[in-house]
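S.K.: Listed here are the chains, written in short residue letters.
2 protein chains.
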Amino acid sequence: MKSFEYNVYTHMYVGSDFYDQIPVELAKYGKNVLFIYGGGSIKRNGLYDKVISELGGFNVIELSGIEPNPRIEKVREGVEICKTHNIDVLLPVGGGSTVDTAKAIAAGAKYDGDAWDFFSRGPEHKAVGDSLPIVDVLTLAATGTEMNRNAVVSNLGTQEKYGLGGETLLPKASFLDPVNTFTVSKYQTAAGSADILSHLMENFFKRTTGADVQDFVNIALQKAVIKNAYIALVTPEDYDARANLLWASSLALGGIPAGGKPGAWTCHAIEHELSAFYDITHGVGLAIITPRFLNHIIKKDKTATAKIAEYARGVFDINEADDTLAALKGIQLQYETFKKWGIPMTLQEVGIDGKKLREMSEHAVKHGNLEHGDSFVSLTADDVEAILVDSLTESEFH
Amino acid sequence: MKSFEYNVYTHMYVGSDFYDQIPVELAKYGKNVLFIYGGGSIKRNGLYDKVISELGGFNVIELSGIEPNPRIEKVREGVEICKTHNIDVLLPVGGGSTVDTAKAIAAGAKYDGDAWDFFSRGPEHKAVGDSLPIVDVLTLAATGTEMNRNAVVSNLGTQEKYGLGGETLLPKASFLDPVNTFTVSKYQTAAGSADILSHLMENFFKRTTGADVQDFVNIALQKAVIKNAYIALVTPEDYDARANLLWASSLALGGIPAGGKPGAWTCHAIEHELSAFYDITHGVGLAIITPRFLNHIIKKDKTATAKIAEYARGVFDINEADDTLAALKGIQLQYETFKKWGIPMTLQEVGIDGKKLREMSEHAVKHGNLEHGDSFVSLTADDVEAILVDSLTESEFH
Chain A
0 MKSFEYNVYT
10 HMYVGSDFYD
20 QIPVELAKYG
30 KNVLFIYGGG
40 SIKRNGLYDK
50 VISELGGFNV
60 IELSGIEPNP
70 RIEKVREGVE
80 ICKTHNIDVL
90 LPVGGGSTVD
100 TAKAIAAGAK
110 YDGDAWDFFS
120 RGPEHKAVGD
130 SLPIVDVLTL
140 AATGTEMNRN
150 AVVSNLGTQE
160 KYGLGGETLL
170 PKASFLDPVN
180 TFTVSKYQTA
190 AGSADILSHL
200 MENFFKRTTG
210 ADVQDFVNIA
220 LQKAVIKNAY
230 IALVTPEDYD
240 ARANLLWASS
250 LALGGIPAGG
260 KPGAWTCHAI
270 EHELSAFYDI
280 THGVGLAIIT
290 PRFLNHIIKK
300 DKTATAKIAE
310 YARGVFDINE
320 ADDTLAALKG
330 IQLQYETFKK
340 WGIPMTLQEV
350 GIDGKKLREM
360 SEHAVKHGNL
370 EHGDSFVSLT
380 ADDVEAILVD
390 SLTESEFH
Chain B
0 MKSFEYNVYT
10 HMYVGSDFYD
20 QIPVELAKYG
30 KNVLFIYGGG
40 SIKRNGLYDK
50 VISELGGFNV
60 IELSGIEPNP
70 RIEKVREGVE
80 ICKTHNIDVL
90 LPVGGGSTVD
100 TAKAIAAGAK
110 YDGDAWDFFS
120 RGPEHKAVGD
130 SLPIVDVLTL
140 AATGTEMNRN
150 AVVSNLGTQE
160 KYGLGGETLL
170 PKASFLDPVN
180 TFTVSKYQTA
190 AGSADILSHL
200 MENFFKRTTG
210 ADVQDFVNIA
220 LQKAVIKNAY
230 IALVTPEDYD
240 ARANLLWASS
250 LALGGIPAGG
260 KPGAWTCHAI
270 EHELSAFYDI
280 THGVGLAIIT
290 PRFLNHIIKK
300 DKTATAKIAE
310 YARGVFDINE
320 ADDTLAALKG
330 IQLQYETFKK
340 WGIPMTLQEV
350 GIDGKKLREM
360 SEHAVKHGNL
370 EHGDSFVSLT
380 ADDVEAILVD
390 SLTESEFH
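As given, the protein sequences belong to chains A and B, one line each in that order. Under numbering that gives the first Met the number 0, the first residue of the first sequence is numbered 0, with each subsequent residue one higher. Under numbering that gives the first Met the number 0, the first residue of the second sequence is numbered 0, with each subsequent residue one higher.
One thing to keep in mind: the hints can contain errors.
If several chains are the same, the list does not tell them apart, and a pair holds so long as it fits within one copy or across any two.
As the list claims (entries may be wrong) - No more than 25 Å apart at the CA atoms, straight line, and that leaves these computed lysine to any residue pairs for SDA-like: (1) K1 / I230; (2) K27 / R148; (3) K1 / V178; (4) K1 / P22; (5) K365 / R206; (6) K1 / D16; (7) K27 / T167; (8) K299 / T392; (9) K1 / G45; (10) K339 / G209; (11) K226 / T207.
To be clear, the hints were calculated from the coordinates, so they are not data collected in a lab. Note that the coordinates shown come from a computational prediction; the quantities given were computed from them, not determined experimentally.
Please put together the full structure from these sequences, using the hints given.
M.R.: Here it is as C-alpha cells:
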C-alpha cells in the first residue's frame, strides 16, 4: 500500500437518543445557526419539529428547498444569508444534497468571490480555505458526505456537475438516527445503497497492491450493504438494517477503504455527466454504468481481470478458479442485485437516449481525466461511449 | 445494534515519509517535550536518531527504560518530570507499553494525587480528567493504544494489572512506519498479532445482534491479520505485511468493531491476572486462553454457539452447516494458527503451573465482573479455573 494519512474527527452519533447533543455541538461555535433542509419531508415525519425543539437558545435562520443534485443557485443564496446574518454554524438536516449544499455554503461564506469558483475547472478556480463549521442530521444512507471533506454541486446553467474538497469541510458532528430513514422510499433506498456500493467499488478498483486491510474492509462493507438493503426494501422500518446502511455509507467514504490507494474514480466521472445533462438520480446512474464499465474493461485490459475476480469472489462468495469467469459471474450478480432492488437498469428507462452519448463521453474523459490520469484503466471517449451504448438496453454478462 | 458514538480524531500517519510532520504535530502543544522510550532497540535500529533529528526546536527531556507490561513506578517517575519541567507534550516512541505509560503519565501530570489512583479499584479510585497531549511513534503492531483512549499498567507490588480509560487520552497523532517493525522478533510479531486477534474477538463475541457493519469489518480485519502475520513471520521486511498489521491493530481497537456492541471483555480479564502474577507476554497469554475459553462456553451455554460458528465460518471459511461442528472446527483452526506462528500454546511452556490457578480465577471473576456483568457468557471462578486447567497442557477441539 502507499503512504497515507487518516484524520477523520467528525463526532458520529449513531442512534435515536442523541438529539439533546445537537445544541451541545452547535454551541461550540456560536449562537447564529443556518438550518438548511430540502422540502416538506422532514416536516411531515416530525424531524423538523424534533430538531427545532432543541434549538431554544439559538438564533435560527432557515434555508429550505434544497433539491437532489444540489444547485449552485441555492449555495449562493445560503452564502448571502451567512454574510448578512453573521452565521456561526450550519445545520443541514437531510440527505447528501443538503449536506453538500451546506459544505459549499460553508466555504463560500468565508470567500469574497462566487462560490462556483471552488467547483469551476477554469482559471477562476479557487481552493477551499477557511469555512464555517457544519453539524448535520442525516436522513439518507448514500453519499457519505457526513464523514468526509467533499461535496458535489450542479450548475444546470452550464450543464456541469463537479465536486470540491477542502481540509476544513469535514463536518464537526453528524447525527445518524436510523428512524429518520424509515420513510425513505424503496426507490431512494435502492439508489442510495447503489451509491454506497459504487463508492466502495471506486475505492476497490485501484492498481495499488497489498492494501489488504483496506480491501478486506471494503468487501465487508459491500456485503453489509447488500444484505441490509434487501432487508430495508422489504421491511422499511427495520432499525438494524437502516442503521447498518447509514453506518456503512459513512465508512465507505470515511477514509478507510481509500487510504493508501490513490487513483481517480471512473464511474462517478461518467455518471456526473448523465446527472449534469439529464438530472437523473445519481445512485441509479451509477448502478446502470458500473456493470457495463467492468464488463468493458475486462475486454480492454486483461491486467484488470484479477482485481475484478477478487471483488466477485469476496462480495458474492463465487467459487470459481478462472479469473475471467469469476469476474463475469460477479458482474452478472451485481447487475441482478441492482435489478432485484428495483433499480431501472437501462439508460432508456431513465429517459436518456443515444443523442448526447458522444458529447457526455467526451466531457467525462476530459473532466475525469480518464485517458491520461491515474484511474484503474485508461478510458478514451470511444470507451466511454461504448459503455454508455451498452447501458441503453438490457445486458447479460458471460 | 445499540446506539453509539464514534469520535476518533487521532491524526494517523501510515508510511515511511512522515517524520517531518512530528515537529509540526508537537509544536501545536508547546516546546517542552518528554521523549519516552524503552531500551536500546530504537537506538540500535536508528529510530532514536531519526526522531531526535526532527526535534531541533524543542526542549527534550528523556524517560527511558519502559518495560513490557508497563509499571506504575515508571509512570510516577514521568509524572514527576512533567511537573518539574513543565512538559507540554509527551512523545512516546515504542510499542504499546511505551504509549500506555505515556497515557498514565499524561493523566497523572494534571492530577495532585498518586497516578495509581486512576487504576485502583479501591475507594481512592479517580476518573481521568484533563491530561497532557500525546504524539506517538509506534514500533509494534499489537495493542491499538495509538488510536484509542485506554491504557493498561501493572503494579507488581500488589500483583495488579489494570486498565484505565479517559476521554482526553486519545493520542493527537500517531506515526505508523512499517519499517520500524521490520526488526520485531518472530516471537513478538506472533504475540502482537495474537493480541490484535484477541481484541477483535472480544469485540465480536457480544450478545448484541444486527451489528453487521461492525461484525463484517471485524471478520475482515481478522482475515487481514492472519494472512499478513504469516507473511511477516516468513519475510520480516515485507513492507505491506507490516503495514497491514499496524493498520489492523489500530482499527481493531479504533472504535469501529466495538461501536454499538457493549459488554465486558472476558479473555483480557483472565489474561491480566496471568500477567500480573507471572509477568508473561500479554499476547501469548491471550492466545493460550482464547481457544480454551471458546471451547468451555460451547459446553456451558448453548446460546453462545451460533456466534462462535459465525466467527468460524467468517474467519476460516468453514463450510459446515451444523453450528457446533463449525464452531469447534473454528476453535481448532484458531489454535493451530497460533501454534504455526510459533506461540507456546500451554501455560506450562510459559512457566505457569497449577499452584495459583484458583487465586487468579477468583481475581479475574472479581476484577472483570465476569459472573454478574454484561460479558458474552457469565463465568464463575470454577469456569475460569477449568479454562486455566485446560490451558496447562496441549489441547484438541472436536
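S.K.: Decide, hint by hint, whether the structure agrees.
M.R.: Hint check results:
no. : hint        : verdict
1   : K1 / I230   : between (37 Å within a copy, 18 Å between copies)
2   : K27 / R148  : both (20 Å within a copy, 22 Å between copies)
3   : K1 / V178   : between (39 Å within a copy, 13 Å between copies)
4   : K1 / P22    : between (40 Å within a copy, 22 Å between copies)
5   : K365 / R206 : within (21 Å within a copy, 52 Å between copies)
6   : K1 / D16    : between (39 Å within a copy, 10 Å between copies)
7   : K27 / T167  : both (16 Å within a copy, 17 Å between copies)
8   : K299 / T392 : within (21 Å within a copy, 58 Å between copies)
9   : K1 / G45    : between (46 Å within a copy, 23 Å between copies)
10  : K339 / G209 : between (34 Å within a copy, 22 Å between copies)
11  : K226 / T207 : between (28 Å within a copy, 18 Å between copies)
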